[in-house]
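Next come the chains, spelled out residue by residue.
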Amino acid sequence: MTGFFKEVWSWLTTVDHKRIGILYGASALLFLLIGGTEALLMRTQLIVPGNDFLTAKAFNSMVTMHGTTMIFLVIMPLSAAFFNFLTPLMIGARDVAFPRLNALSYWIFFFGGVLLHISFVVGQIPRGGWFGYANLTSPTYTTDLSVDFWAMGLQVLGLASLIAAINFFVTIMNMRAPGMTLLKMPIFIWTTLVTQLLLIFALPVITVALVMITFDRKFGTGFFDPTLGGDVVLWQHLFWVFGHPEVYILILPAMGIVSEILSTFSKKPLFGYSVMVYSTCAIGFLGFAVWAHHMFTVGMGPWANAIFSAATMLIAVPTGVKIFNWIMTMWGGKIRFTTANLFAISFIAMFTMGGLSGVMHASPPIDAQHHDTYFVVAHFHYVLYGGAVMALFGGIYYWFPKVFGVYLNEAMGKAQFWLYMIGFNVTFFPMHFLGVQGMPRRNFVYAADQGWNFWNFVCTMGAYLTAIGGFVFIINVVYSLWFGKKAVGDDWNGRTLEWMIPSPPPVYNFAVEPTVDHLDEWWHRKYTSSGTRTDVQIEAHVDPSTIHLPGPSFWPLVMGFGIFVLAGGFFLDSYGATISIAGMLIVIISGYAWAFEDNG
Amino acid sequence: MGHAAHEHYTVTGVDNRKFAMWTLIGSECFLFGTLMINYILNKASTKINDPAIAKYLIEHGKKPFIAPTDVYDIDLTTISTFILLMSSVAMVLALDGCVRKNLKNFRLWTWVVIVFGLLFLGCQAYEFNHFIHKGLTLSANNFGASFFLLTGCHGAHVAVGVMLMGSVLIRSYLQPDWFDSVVVEVLGLYWHFVDVIWIIIFTVVYLLVYV
Amino acid sequence: MASSENHVSVKMYWIICIVLCAITFLEWVIFQFESIRVNAMIMVPALLLMSVVKFILVCGWYMHLKYDHPVLKYYYMAAFFLATAVMMALAVLMG
Chain A
17 MTGFFKEVWS WLTTVDHKRI GILYGASALL FLLIGGTEAL LMRTQLIVPG NDFLTAKAFN
77 SMVTMHGTTM IFLVIMPLSA AFFNFLTPLM IGARDVAFPR LNALSYWIFF FGGVLLHISF
137 VVGQIPRGGW FGYANLTSPT YTTDLSVDFW AMGLQVLGLA SLIAAINFFV TIMNMRAPGM
197 TLLKMPIFIW TTLVTQLLLI FALPVITVAL VMITFDRKFG TGFFDPTLGG DVVLWQHLFW
257 VFGHPEVYIL ILPAMGIVSE ILSTFSKKPL FGYSVMVYST CAIGFLGFAV WAHHMFTVGM
317 GPWANAIFSA ATMLIAVPTG VKIFNWIMTM WGGKIRFTTA NLFAISFIAM FTMGGLSGVM
377 HASPPIDAQH HDTYFVVAHF HYVLYGGAVM ALFGGIYYWF PKVFGVYLNE AMGKAQFWLY
437 MIGFNVTFFP MHFLGVQGMP RRNFVYAADQ GWNFWNFVCT MGAYLTAIGG FVFIINVVYS
497 LWFGKKAVGD DWNGRTLEWM IPSPPPVYNF AVEPTVDHLD EWWHRKYTSS GTRTDVQIEA
557 HVDPSTIHLP GPSFWPLVMG FGIFVLAGGF FLDSYGATIS IAGMLIVIIS GYAWAFEDNG
Chain B
24 MGHAAHEHYT VTGVDNRKFA MWTLIGSECF LFGTLMINYI LNKASTKIND PAIAKYLIEH
84 GKKPFIAPTD VYDIDLTTIS TFILLMSSVA MVLALDGCVR KNLKNFRLWT WVVIVFGLLF
144 LGCQAYEFNH FIHKGLTLSA NNFGASFFLL TGCHGAHVAV GVMLMGSVLI RSYLQPDWFD
204 SVVVEVLGLY WHFVDVIWII IFTVVYLLVY V
Chain C
692 MASSENHVSV KMYWIICIVL CAITFLEWVI FQFESIRVNA MIMVPALLLM SVVKFILVCG
752 WYMHLKYDHP VLKYYYMAAF FLATAVMMAL AVLMG
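Residue numbers (this note's numbering), protein chains in the order written: chain A, 17 to 616; chain B, 24 to 234; chain C, 692 to 786.
Since the hints were derived computationally from the structure, they do not count as laboratory data.
Every value quoted in this text rests on a predicted model; they were computed, and no experiment measured them.
Among the hints, erroneous ones may be present.
As the list claims (entries may be wrong) - Residues from chain C shown here face chain B by an in silico Cβ test under 8 Å; the list is partial:
no.	residue
1	C712
2	T715
3	W719
4	M734
5	V735
6	P736
7	L738
8	L740
9	S742
10	V749
11	Y758
12	H760
13	Y766
14	F771
The C-beta atom is built at its ideal place from N, Cα and C for all residues, glycine as well.
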């Protein structure tokens, strides 16, 4: 095999958490281009009233796929990229608990993304919203396969996340370096830990819901069909019991990243570390108690509304505590305004704004005004884009030198940051106005005499500005990978263990598995209590063949493909069952091959 | 497994594979919990939706409804519950045989787990067949739909367990010196959990509908 | 780490087996009496109590939770109670 094919094969069969992290990150950014294009298409349709750039059906598909893509194919895998790359490094381990299972998660995710996008190829793009409300999704009202692509796609993606969550939960609990107690773990590891628990507990609920809608569509059950004795509201409950923890799954990793970046670039430890830990746990736990705030206008009655309203306002408390802790981390610190830090600081402001609008519609009477208007669109984009996405970009700039051994260019980084910040705010701030002026969500056109024309135009301009920022980022990545300033190891004078090894890390991570005595262990090794620098250096390279590591395997790829085939069978009427059974056989056979593989 | 069992240092002292199985079990609490609540919410939805089945029932002098009490046979279900409980006992004895490296006991009790697991599945198959003959299919009404979804999911879990125990058994014949008690213990945890779910199903799904 | 040491004797396994069988038999027995069967006040607490006992015996002894590292027990209890709480809330909300 030529060198190229050998390289490709090594990526297809890798079980190295660092490479899997890169695979997740690259995939996520690719899907960001797709999801971003979907957004631009929507904004172009809405640039003027009564536009005919997109048909209603196409627009609904854009609404659905933009949301589905950004949530499941961008934010979650981008977060997974960080979990994968950083978790073993931050806890002082050589890899995760189950390296091949880790690769499997990636490949299932990959095939899930492919499955979802085959819908484009066959012209049956999901158009029922990212939340797939019944009974629009019933076989009566959506006769083509678009709902099935959405349901099976999500089912496959959910499986990937669940497997990864089990892997990371065990890794964090069981493979920390000696001396690293739970309260000496980096805060990012805490947010990762709680996120995995949320995934473990929330995913099964949507798994069941998706099975139920699939059965309604394929096997004639009537779970969500009132004419058959079912209930459409049941779908909403099941979806949001998953859906609400899902939004904390989206935001907690970002919060962990922000905490790490802020403390490094303020040259101060995170303020109130243990309070941050308890707040994270509280948010995770309470996240299961607030789901019906997405259903205030359904008619659950005053008691239900009041209880969920109170719980939702309660969850704002630990969240607010975190905001104060981040500000106090910076207060009195020696702040360096690197691109990474700009993203992290902007998170605090943007997420706070999103949190404020969220707390407003935590009140049911106010929500009755906000619900299904652009006010809600503004809210969740402030927390998910101004919040999570900005933080994730901060993480990219922060850890890029560690992953690739070169820094991203700071000038281009700052250009991207400002284009994003301005573009984002220009797009989404006016949506607060549009919302209270009554503009409904998910409508492909609006009339010219509603008074919404000006702000819609402004919003679209913001979207185009953001797209330019995206281009700058792409150029930055390509440029830096070739010409970027070399990184050596402790690329930002960091505090956590990943900064004590070379950049990029050797395949074995640590030459000697570290022993930990403190929180921010690496900082404590570098500086005495009086602040003088010790002479400790980053770890030197050693011969990798002296360190035992698990070998590569292609069974995860094969099994992932088997799951894809299994899911695919649901789309065909005549040979569907046969294909699904074939897929199951591939899974079973690859499972046995995997179990008996001498993987080292 | 295929290589020397990797017993790394672990912070908790619990093997990674065992920890992972417990983690999965926690997740499955939510899976079966959702299926159970779905059953509880749908068990009163007894009106037959399928016109052919409705016609069949009316022709036989019955109303076009099928409720749990019309089809459940508690005697049979009690027997299958016993069978599954016995399989759990066999499971701990199989593990005990493995830990003590007693090949005869290990194999014997693993056989018992598999046989009883298959007997349980046989009872389920008989019961499902019986219900279908009475007109209760997946699409007959939502009681049927939610019942089959829940018990079908449980049955699928039992089937997977039987397959995995079968693999263990075959391994013990092909490699008589293989006594990986961690693997057997992990499978045991899975098996007991599936039994625990049945304990709850027996009460909530079968017995409590009569109250 | 070595697999968990055998804290539970084979004799104990059989005793628990007998108890599990006895409880199941008792569930069947009280079911035979029409008058008790329809009495929710007796049946619901009785059946729930019996399932809980079976549950604790299988989890604690067969699944070895009583003797393992407490983290497993806390995790499982957290998962079980959270799942139960969410499902019960759902039952109330969906009436």
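Hint check, failures only
6, 8 and 11
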